[in-house]
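There are 2 protein chains.
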Amino acid sequence: MSSQPAHPTLLIPGPIEFDDAVLESMGHYSESHVAAGFVATFGETLTMLRKLFQTTNPASQPFVINGSGTLGWDLVAVNLLEPGEDALVLSTGYFGDGFADCLRAYGANVTKLDGPIGGRPQVADVEKALSQKKYKVLTVTHVDTSTGVLSDIKSIAAAVKKVSPETLVVVDGVCSVACEELAFDDWGLDAVVTAGQKAIGCPAGQSISMFSGRAIQAVQNRKTEPATYFASMRRWLPIMQNYEAKKPSYFATPSPQLVHALNTALKQILAKPLTERFNKHIEVSDRVKKTVTDMGLKIVATKPEDQSHAMTAIYLPEGVAIPDVLPKLLSKGIIFAGGIHKEIGTKYIRFGHMGVTAVDPRRNDVEKALEALKGVLAECGYKA
Amino acid sequence: MSSQPAHPTLLIPGPIEFDDAVLESMGHYSESHVAAGFVATFGETLTMLRKLFQTTNPASQPFVINGSGTLGWDLVAVNLLEPGEDALVLSTGYFGDGFADCLRAYGANVTKLDGPIGGRPQVADVEKALSQKKYKVLTVTHVDTSTGVLSDIKSIAAAVKKVSPETLVVVDGVCSVACEELAFDDWGLDAVVTAGQKAIGCPAGQSISMFSGRAIQAVQNRKTEPATYFASMRRWLPIMQNYEAKKPSYFATPSPQLVHALNTALKQILAKPLTERFNKHIEVSDRVKKTVTDMGLKIVATKPEDQSHAMTAIYLPEGVAIPDVLPKLLSKGIIFAGGIHKEIGTKYIRFGHMGVTAVDPRRNDVEKALEALKGVLAECGYKA
Chain A
1 MSSQPAHPTL
11 LIPGPIEFDD
21 AVLESMGHYS
31 ESHVAAGFVA
41 TFGETLTMLR
51 KLFQTTNPAS
61 QPFVINGSGT
71 LGWDLVAVNL
81 LEPGEDALVL
91 STGYFGDGFA
101 DCLRAYGANV
111 TKLDGPIGGR
121 PQVADVEKAL
131 SQKKYKVLTV
141 THVDTSTGVL
151 SDIKSIAAAV
161 KKVSPETLVV
171 VDGVCSVACE
181 ELAFDDWGLD
191 AVVTAGQKAI
201 GCPAGQSISM
211 FSGRAIQAVQ
221 NRKTEPATYF
231 ASMRRWLPIM
241 QNYEAKKPSY
251 FATPSPQLVH
261 ALNTALKQIL
271 AKPLTERFNK
281 HIEVSDRVKK
291 TVTDMGLKIV
301 ATKPEDQSHA
311 MTAIYLPEGV
321 AIPDVLPKLL
331 SKGIIFAGGI
341 HKEIGTKYIR
351 FGHMGVTAVD
361 PRRNDVEKAL
371 EALKGVLAEC
381 GYKA
Chain B
1 MSSQPAHPTL
11 LIPGPIEFDD
21 AVLESMGHYS
31 ESHVAAGFVA
41 TFGETLTMLR
51 KLFQTTNPAS
61 QPFVINGSGT
71 LGWDLVAVNL
81 LEPGEDALVL
91 STGYFGDGFA
101 DCLRAYGANV
111 TKLDGPIGGR
121 PQVADVEKAL
131 SQKKYKVLTV
141 THVDTSTGVL
151 SDIKSIAAAV
161 KKVSPETLVV
171 VDGVCSVACE
181 ELAFDDWGLD
191 AVVTAGQKAI
201 GCPAGQSISM
211 FSGRAIQAVQ
221 NRKTEPATYF
231 ASMRRWLPIM
241 QNYEAKKPSY
251 FATPSPQLVH
261 ALNTALKQIL
271 AKPLTERFNK
281 HIEVSDRVKK
291 TVTDMGLKIV
301 ATKPEDQSHA
311 MTAIYLPEGV
321 AIPDVLPKLL
331 SKGIIFAGGI
341 HKEIGTKYIR
351 FGHMGVTAVD
361 PRRNDVEKAL
371 EALKGVLAEC
381 GYKA
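Order-wise, the sequence lines are chains A and B.
Under full-length UniProt numbering, think of the first position of the first sequence as 1, with each following residue one higher.
Under full-length UniProt numbering, think of the first position of the second sequence as 1, with each following residue one higher.
In isolation and in its complexed conformation, chain A is listed as follows:
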């Protein structure tokens, strides 16, 4: 079976459990970041990202930069907007609010539309906001990891095309890329920013993103130079283009080991049709949601159509506390996360069921986790 030592199963909304081959790639022997072998690996990795994001438009541009999911927000905030420009932020929790904070840090003028707790802003409200002011960008969190709320990116992008087609559509896909349907070209997206350690199944340490030709043009046509160095897309653009063309190039040193791990993870993902992968995540998510609902528990994302397939945020029963539940789960070999929503954070737990946990038939993570949760709640005196 696995070459990894025995360890509790990590079922938080990222980092997730990793496949053996991906972890083995992390230990790749040292290579020059500008030598032919590594340049070929990096170039192939960037090309595979086009498939993962479902874009065949040659103007689309992938970026892989050492950092984290958060750095993707900075890329958007400092490159796509100039100080004082307007951004419409759709928030479904902690991470939507964080994206707004990041945009403000760089001087954007932010209007935030909040969904109710466990829900999302309505498309009609989005259309209304777009008709009242001209926004340079709209940002939306595909799956807000704090609530497990899924946004309807296709409908929002269509609303933008209808009401304010010049507005760039930016998706925080940190907890959705590689597990939720996300069609870059078909839906007309301008930026999707993500990270490796969620459904892609690669250890944390990279900001992974795709920008449209239109977004790249917006960066090139800026009146002011972006006030950043490490996060400057103008500086990174020729580097990414060179790597993909298999030409050595240098701005800041990438992590060859993380790139190898991402390469391995992407090859595994793309070996099967993406639809099959998305359906598998839906199937597992449906099973989780049915089981916890049957146990009498409530899901933070209220309506079924608002529920992410990557994770489930579950309210604990009255009188049962996170500091009791998480250690008891750990003693049964299962790691869930606590809540992080600013208003309801102490009341719910989060169960990530992405990547190998959802798609590897040799694993039994979900069933083990659901059994453990049942047992723990019973120990806490809860009767379904």
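Bear in mind the hints are in silico, worked out from the structure with no lab data behind them.
Be aware that a few hints might be false.
What the hints assert, rightly or not - The calculated DSS-like cross-link candidates involving lysine-lysine, where the alpha carbons are at most 30 Å apart (straight line), are:
1) A/Lys136 <-> B/Lys136
2) B/Lys136 <-> B/Lys162
3) B/Lys223 <-> A/Lys342
4) A/Lys247 <-> B/Lys368
5) A/Lys332 <-> B/Lys246
6) A/Lys280 <-> A/Lys347
7) A/Lys272 <-> A/Lys246
8) A/Lys290 <-> A/Lys162
9) A/Lys247 <-> B/Lys374
10) A/Lys133 <-> A/Lys223
11) A/Lys247 <-> B/Lys347
12) A/Lys328 <-> A/Lys368
13) A/Lys128 <-> A/Lys154
14) A/Lys246 <-> A/Lys154
15) B/Lys368 <-> B/Lys280
16) A/Lys112 <-> A/Lys162
17) B/Lys246 <-> A/Lys342
18) B/Lys136 <-> A/Lys223
19) A/Lys246 <-> B/Lys347
20) A/Lys247 <-> B/Lys328
21) A/Lys347 <-> B/Lys246
22) A/Lys328 <-> B/Lys246
23) A/Lys247 <-> B/Lys162
Stated by the list, open to error - If you want the footprint, here are the derived chain A segments under chain B, 3+ residues with CB under 8 Å:
24) 9 to 16
25) 49 to 57
26) 73 to 81
27) 244 to 253
28) 256 to 269
It should be emphasised that the depicted structure is a prediction, and the values quoted were computed from it without experimental measurement.
We treat Cβ as the ideally placed atom computed from N, Cα and C, and that holds for glycine.
Assemble chain B onto chain A, guided by the hints.
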């Protein structure tokens, strides 16, 4: 012997060859970034950095952030300076110039003192510049990887204390930390920024830095909020303090695998006195420099006291070209780097001799590399 597959020996000025145990740590099974086990590892890693940088002042603050050495420049540029403030940059090559570019990107008013090619600005000139204008920060590249020039940090820091004690002394230690003497407290430094993939011997992917209490105060006392999110030291400060206090904390997801690798590398380094490590690097460097000089070759860093012990930049003989030399070296299993100095880049090669290559007695990297270089130059028709 090594558990790594056979591969050419990477002797560029970083990334360097890695120890087996460090690479094995890269494949650590997945952990939550806020779980007790990983928090303890990260906290211990931060505490070990204090020893590596030679600071016992509790006000000193280590940071480890996903990124690269370059991100350290951004930390300095956007946090220690406010737009329009003055920076004095001492440049000994490509990376000194890069630090100046980064500072300018964030709006600093930069005065650059350039050394001659292969040399460094004189301390008297530094004192003169400091006496003519009040600089918020002075930056100096300890070892400029483009030239192999070593700066005299101790004397420069002393000059600052004498002429302009309020000026913050910032060292780019990317190619010096863990191989050159660098005494944070004793020399009165305010910031040293580095990366893992040079003498520390950890795969690339992290910005590793130490800031003095005075530097942290400068960040806290700013009149304006730094225009950044991911590189905001105000946001990272409580996170680093919490990790070191073994308390879970979250701003952006660190890379548990890279932190484990750094932890392993630091344990190896700190198992012996640092002086012994520095002396070993000097001994190896002296051997390299003597051998190439005996071969009739010239070293880019002209004076012995200006020569780094981490690497050697070597002019090729007249009529011998980099595109001939590097592939021939590779065929003998040795990887050197080409030049990257904007004026002399095509005329020299760079040989990194840091980390395990210098200190692991089981390896024979340096002798193999010198033999290979002799053989290749002979094949190219060069006679010593």
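Here is what the structure says about each hint:
At roughly 36 Å between alpha-carbon atoms, A/Lys136 and B/Lys136 are farther apart than 30 Å, so this suggested pair is violated. Of the pairs offered as hints, the one joining B/Lys136 and B/Lys162 holds, with about 15 Å between alpha carbons and a cut-off of 30 Å not exceeded. Our distance criterion of 30 Å between C-alpha atoms is met by B/Lys223 and A/Lys342, whose separation comes to about 28 Å. Restraint check: the Cα-Cα separation between A/Lys247 and B/Lys368 comes to about 29 Å, which is no more than 30 Å; the hinted pair holds.
Note on A/Lys332 and B/Lys246: the hinted pairing holds, with a Cα-Cα distance of about 24 Å set against a maximum of 30 Å. The straight-line distance between the Cα atoms of A/Lys280 and A/Lys347 is roughly 29 Å, inside the 30 Å bound, and the hint therefore holds. For the given pair, A/Lys272 sits about 26 Å from A/Lys246 by alpha-carbon distance, which is consistent with the 30 Å threshold. Proposed proximity of A/Lys290 and A/Lys162 is contradicted: the alpha carbons are some 37 Å apart, above 30 Å.
Restraint check: the Cα-Cα separation between A/Lys247 and B/Lys374 comes to about 29 Å, which is no more than 30 Å; the hinted pair holds. Simply put, A/Lys133 and A/Lys223 have alpha-carbon atoms about 21 Å apart, close enough for the 30 Å limit, and the pair holds. Between the alpha carbons of A/Lys247 and B/Lys347 the distance comes to roughly 21 Å, so the proposed pair stays at or under 30 Å and holds. The hinted pair formed by A/Lys328 and A/Lys368 meets the criterion: a straight-line CA distance of about 14 Å does not exceed 30 Å.
Between the alpha carbons of A/Lys128 and A/Lys154 the distance comes to roughly 17 Å, so the proposed pair stays at or under 30 Å and holds. Only pairs whose Cα atoms come within 30 Å are accepted, and A/Lys246 paired with A/Lys154 is rejected, the gap being roughly 34 Å. A distance of roughly 18 Å separates the Cα atoms of B/Lys368 and B/Lys280; the hinted pair therefore holds under the 30 Å criterion. Restraint check: the Cα-Cα separation between A/Lys112 and A/Lys162 comes to about 20 Å, which is no more than 30 Å; the hinted pair holds.
Taking the CA atoms of B/Lys246 and A/Lys342, the gap is near 23 Å; set against the 30 Å cutoff, the hint holds. Proximity of B/Lys136 to A/Lys223 is assessed by CA-CA distance (about 29 Å); at most 30 Å being required, the pair is judged to hold. With a C-alpha separation of about 24 Å, the suggested pair A/Lys246 and B/Lys347 falls inside the 30 Å cut-off, and the hint holds. Among the hinted pairs, A/Lys247 with B/Lys328 is consistent with the structure: their alpha-carbon atoms are about 20 Å apart, no more than 30 Å.
Straight-line distance between C-alpha atoms of A/Lys347 and B/Lys246 comes to about 24 Å, which keeps the hinted pair within the 30 Å bound. For the proposed pair A/Lys328 and B/Lys246, the alpha carbon gap of about 21 Å is at most 30 Å, so the pair holds. Using a Cα cut-off of 30 Å, the hinted pair A/Lys247 and B/Lys162 is violated, with the two alpha carbons roughly 48 Å apart. Coverage of a stretch by a chain is defined here by at least three residues with a beta carbon nearer than 8 Å to that chain's beta carbons; for the stretch 9 to 16 of chain A and chain B the count is 5, and the condition holds.
Here the stretch 49 to 57 of chain A counts 0 residues with a CB under 8 Å from a CB of chain B, which misses the bar of 3, and the coverage is violated. Coverage of a stretch by a chain is defined here by at least three residues with a beta carbon nearer than 8 Å to that chain's beta carbons; for the stretch 73 to 81 of chain A and chain B the count is 4, and the condition holds. Judged by the Cβ-Cβ criterion of 8 Å, the stretch 244 to 253 of chain A is covered by chain B as claimed, because 4 of its residues qualify and three suffice. Here the stretch 256 to 269 of chain A counts 3 residues with a CB under 8 Å from a CB of chain B, which clears the bar of 3, and the coverage holds.
In summary, the numbered hints that this structure violates are 1, 8, 14, 23 and 25.
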